[in-house]
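K.L.:
Chains A and B are the protein sequences, given in the same order.
In case it helps, our numbering puts the first sequence at residues 1073 to 1234.
In case it helps, our numbering puts the second sequence at residues 57 to 491.
Incorrect hints may have been included.
[Stated by the list, open to error] One-sided and incomplete, this derived list gives chain B residues near chain A with beta-carbon spacing under 8 Å:
id	residue
1	TYR248
2	GLN279
3	ALA281
4	SER397
5	LEU430
Treat the hints as calculated values from the structure; they're not laboratory data.
Every value quoted in this text rests on a predicted model; they were computed, and no experiment measured them.
Positions of the beta carbon are idealized from the N, C-alpha and C atoms, including for glycine.
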Amino acid sequence: MPAATETELRSKIEQFLYREAWLLDHGRLDEWLALFTDDATYWIPLQASQAEPLMTSSIVYDDRRLLEVRVRQFQHPRAHARVPAPRTVHQIGNVQILESGDHDVRAGSTLILVEYRRERQRVWGALVEHRLRRTAHGLRIAAERIDLVNSEAERDGIVCLF
Amino acid sequence: MNAQAIKGLVQPDRVHRAVYTDPGLFELELDRIFGRAWLILGHESQVASPGDFFTTRMGREPVLVTRHTDGTVRVLVNRCAHRGARVCEAPAGTTFGFVCAYHGWTYGTDGTLAGLPLPDGYPRPAGESVGGGLVRVPRVDSYHGFLFASLAEHGPTLAEFLGPLRASFDDFVERAPDGEVEVAGGVFKHAYHGNWKLVLENHNDTVHPAFVHASSIWAARQQPAAETGAYAEIGVRQMLQNGAPWEVWQNTGLWTAGYGHSWMADYHDDSRLVAALDHPAFAEYRTALERRLGRDGAARVLGELRWNSIVYPNCSFMSQFRQLRIVHPIAVDRTVVYAYSFRLKGAPERMFRDTVAFSNVVNGTASPVLTDDLEVYERTQEGLAAQRSDWLLLGREHGRDVPDGAGVLRGGSGTSEIHIRNQLAAWLEYMTAES
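Construct the entire structure; sequences and hints are all you get.
P.N.:
Following this line, the structure appears as structure tokens:
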């Protein structure tokens, strides 16, 4: 890929990831959901370097159907662990293009997330990988994988979206 | 607190908040309940071969569970006999023995002291001074491969302790075409700021889902039906089932037995929950089961509908769905729960895929279901700090228990709080017995 094109693509991906983070940090969850393709997966592995999501448990492994349920749950007035929703700041860094094809682009990034809810502030760190699909409407998320650095730890319940 | 004072805390239909909030009582629980009862540690498949080990806790004791070279399972206190450091940090692995990081004292997989530096520096052999090596947990036994140990030298046998709950473990393994199960797929470790009893009192509480899980029930109901066999189906169906009408919960069976145990049944049948029921993999599974048990035997096993079985004080499992949870009390207001999935040996891989999908939704740390339970345990613990009110009520269906076999009672309906009253009766017995 010519250098100019690569810079342009990386900038496009960065803007996309910032947009995704902005939607989450402003509670615009329906718009966030609209970033995903119909066959998308949203995956937070349980184990470090987890090879696959079907035969090993995951903190989250949602297909589109489960992700819609997860997002919709925030709208219910008696979603005890989710109302009020956590306030968050997603800080994204180290954006890299890992692979660029005709249909998909694979991008790596790092995430520092500060979450506040019910008198408690938590800090999360994660390595993130997006598989972004080039569509007529621009980039869409075909797969997102979030490897929390403390995925294997004893941990309180998680409700925020990464 | 003396026995008389403790007795006043648990009454037939109510319990004093101190049982959940008093740090002194918590320390006494570790001695008298977790120091005496049979505690589940895991499953033999976690130590399948000589040298295999895993680490866990028995109340406040950090322990090592090992498969020694002679093939037996040993349970050792994970504490160097020399200066007290834990001798093993890994959650699991395979080893010839354990070498303490501090001064290199080395122990075999049976805990025997195998070596130490500068042994001539001791006036008498160091092994003698420390009783031979790592402290052994005095009683270890297993049932269908499920490993238990007791920190007490004496007490009921494991079979006596489990009593009618053995049938739930029978159900667990009979579902496997090869008659065996194994731990697989990783372990969830979720924590909450609340007393350890809250989770055990919740698992067979059939009134809470309509309220605690209202939001996931509602969210799942909005979702259009998917084709059968889809990945998410088993999880979505479980969320929907939490919203079953009162009639279903009332007709659910709820039984209690000695030592605080209980089980719940006739809540689900597979057609309501198992996404793969009309999937070719399920037909293949049924055929495999029939090869071992015959057609009638397989039908009997698949017709057994046990939901949660609770072995007080540290185990809650779902034989029908191959989930097992171990409760670790950390502090009076802090609890960690480990949740394991099991593979049915001889069943198609697809069956295990559904177990994992089910586990993610039901037992996962970010589960749309479990997170609401954890939230409510924490709110309960916070509410119990209130000094103006001392009692928690346990009176639903009190006085309507029905005898159902030796030492077994059935709740007047599936919404009875009989299981909580039974747990607290066992609690009182442990806490007031002198030895």
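K.L.:
So, for every hint listed, does it hold in this structure?
P.N.:
We went through each hint and held it up to the structure:
no. : hint   : verdict
1   : TYR248 : holds (6 Å)
2   : GLN279 : holds (6 Å)
3   : ALA281 : violated (10 Å)
4   : SER397 : holds (6 Å)
5   : LEU430 : holds (4 Å)
Violation of the numbered hints given earlier is confined to hint 3; every other hint is satisfied by the structure.
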